[in-house]
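Enquirer: Numbering (the working numbering), first residue to last: 29 to 302.
Incorrect hints may have been included.
[Unchecked claim] Result set (SDA-like, lysine to any residue): computed pairs, CA atoms no more than 20 Å apart in a straight line:
| no. | residue 1 | residue 2 |
| --- | --- | --- |
| 1 | K237 | E250 |
| 2 | K287 | V298 |
| 3 | K214 | W230 |
| 4 | K237 | T93 |
| 5 | K237 | Q95 |
| 6 | K199 | S181 |
| 7 | K237 | K125 |
| 8 | K175 | K192 |
| 9 | K175 | A142 |
| 10 | K237 | P110 |
| 11 | K175 | P75 |
| 12 | K175 | H159 |
| 13 | K287 | P302 |
| 14 | K165 | Q130 |
| 15 | K199 | T93 |
| 16 | K125 | P75 |
| 17 | K214 | I200 |
| 18 | K214 | H185 |
| 19 | K192 | V168 |
| 20 | K199 | P255 |
| 21 | K125 | G147 |
| 22 | K214 | P255 |
[To be verified] Ranges between beta-carbon positions, derived for each pair:
| no. | residue 1 | residue 2 | range |
| --- | --- | --- | --- |
| 23 | E259 | T294 | 25 to 31 Å |
| 24 | P251 | E104 | 30 to 36 Å |
| 25 | D89 | P184 | 18 to 24 Å |
| 26 | H114 | K287 | 30 to 36 Å |
| 27 | S126 | L167 | 20 to 26 Å |
| 28 | L193 | E163 | 17 to 23 Å |
For the record, the hints were derived by calculation from the structure and aren't laboratory data. Backbone N, C-alpha and C fix where the C-beta goes; we use that ideal spot for every residue, glycine too.
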Amino acid sequence: MTLAMMLVRPEGIWQSADHRVTKAGVRQPDASKQLAIHCRPTPGGGPKILLAFTGRAEMPDGTPTLQWIRETIRGESRFIMPLLEHLRDRLTRDVGKSSGWQAPLVMIGGILEANGRRGLLQIANVDPSWHPRREFKLLVTEITEPKFMAIGSGQPHITREDAKLAVAQSKIRPARWEDHLGLLAKVNRRTAERARNTVSPWCEVTYLKTGDEAAIGRYFREPGDPPVPIEVNVMLDGIDLSEMVRPMLKNGRFAGWPKEEEERATRRTVEGRP
């Protein structure tokens with residue numbers, strides 16, 4: 029299950045996700061589990077979501093979970109609630125009706141609206157006692173004050189002191205946006221030490237700022253290693269920008285990559301799952 033944490037303040041959303049996933053019983057140490065979603069109307073006026081997940085690392089057809097999310101919501105311009113309802117319904121169809129429906133999958137996200145409202149969302153196939161079920165439920169709630177939350181198997185291993193620290197810091201405007209990134213990374217690492225190998229000490233922490241289109245963040249790896257910028261997966265009004273960025277990074281430049289590869293990437297940006 030691993031661990032995802034989130035701070036929501038008037039300035040924006042800070043979200044961390046550790047890098048531990050398990051595929052076919054084998055732990056994978058370095059997997060991204062975050063996605064920034066810009067809903068219509070765009071640019072500038074639509075709600076923005078910073079989404080993370082814990083639980084199953086791949087879907088019943090073998091597609092990595094983050095890739096499946098991107099493919100499921102791309103290709104069509106949707107307002108925020110139709111987008112979230114579409115994602116919930118496809119999860120129930122593709123996971124709930126499969127033989128592997130017993131594996132928990134929980135998605136959480138912070139919502140920033142242009143009018144200043146803030147919200148939390150959860151899409152999950154577990155009941156309050158954490159028992160898996162076939163049907164996924166969607167919950168969206170408005171929040172009116174700073175909020176800290178955590179989910180995943182690592183959540184019970186967060187110490188009371190760290191939880192109190194995170195709650196207290198959520199109420200303070202940071203001097204620099206990077207400060208809350210470091211806070212969540214430290215809580216993640218300390219939790220990993222107590223979580224019996226279910227949480228990775230490595231994590232990615234992302235900041236989605238009020239009024240900005242781009243999400244920014246850092247990878248936090250071994251103790252003492254300097255944090256490095258991350259490649260944030262981004263959906264812009266049904267267009268999967270990650271499909272364009274990935275080949276550019278693979279080729280080591282932002283211009284001059286093969287024309288055929290560019291055309292394939294462009295097609296994938298809007299090819300949704302049936």
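Enquirer: For the pair we were handed, K237 and E250, check the Cα-Cα distance against 20 Å.
Expert: The given pair, whose Cα atoms are some 27 Å apart, is violated under the 20 Å limit.
Enquirer: Could one say that the CB atoms of P251 and E104 fall in the range 30 to 36 Å?
Expert: 44 Å, violated
Enquirer: Are the Cα positions of K175 and H159 separated by 20 Å at most?
Expert: Roughly 26 Å separates the two Cα atoms, so the pair is violated.
Enquirer: Can you confirm whether the C-alpha distance between K175 and P75 stays at or below 20 Å?
Expert: 18 Å, holds
Enquirer: For the pair supplied as a hint, K175 and A142, confirm whether the alpha-carbon distance does not exceed 20 Å.
Expert: 19 Å, holds
Enquirer: Does the structure keep K237 and T93 at a Cα separation of 20 Å or less?
Expert: 25 Å, violated
Enquirer: Hint check: K214 vs H185, CA-CA at most 20 Å. Holds or violated?
Expert: Since the Cα atoms of K214 and H185 sit roughly 14 Å apart, the hinted pair holds (cutoff 20 Å).
Enquirer: With the threshold set at 20 Å, check whether the alpha-carbon distance from K165 to Q130 stays at or below it.
Expert: Holds. K165 to Q130 sits at ~15 Å (cutoff 20 Å).
Enquirer: Are the Cα positions of K125 and P75 separated by 20 Å at most?
Expert: Roughly 31 Å separates the two Cα atoms, so the pair is violated.
Enquirer: State, for the Cβ atoms of S126 and L167, whether the hinted interval 20 to 26 Å holds or is violated.
Expert: 23 Å, holds
Enquirer: Between the alpha carbons of K199 and T93, is the straight-line distance 20 Å or under?
Expert: 33 Å, violated
Enquirer: Tell me if the straight-line CA distance from K199 to S181 falls inside 20 Å.
Expert: Cα-Cα ~26 Å, so violated.
The structure fails to meet hints 1, 4, 5, 6, 7, 10, 12, 13, 15, 16, 19, 20, 21, 23, 24, 25, 28 from the earlier list, while all remaining hints are met.
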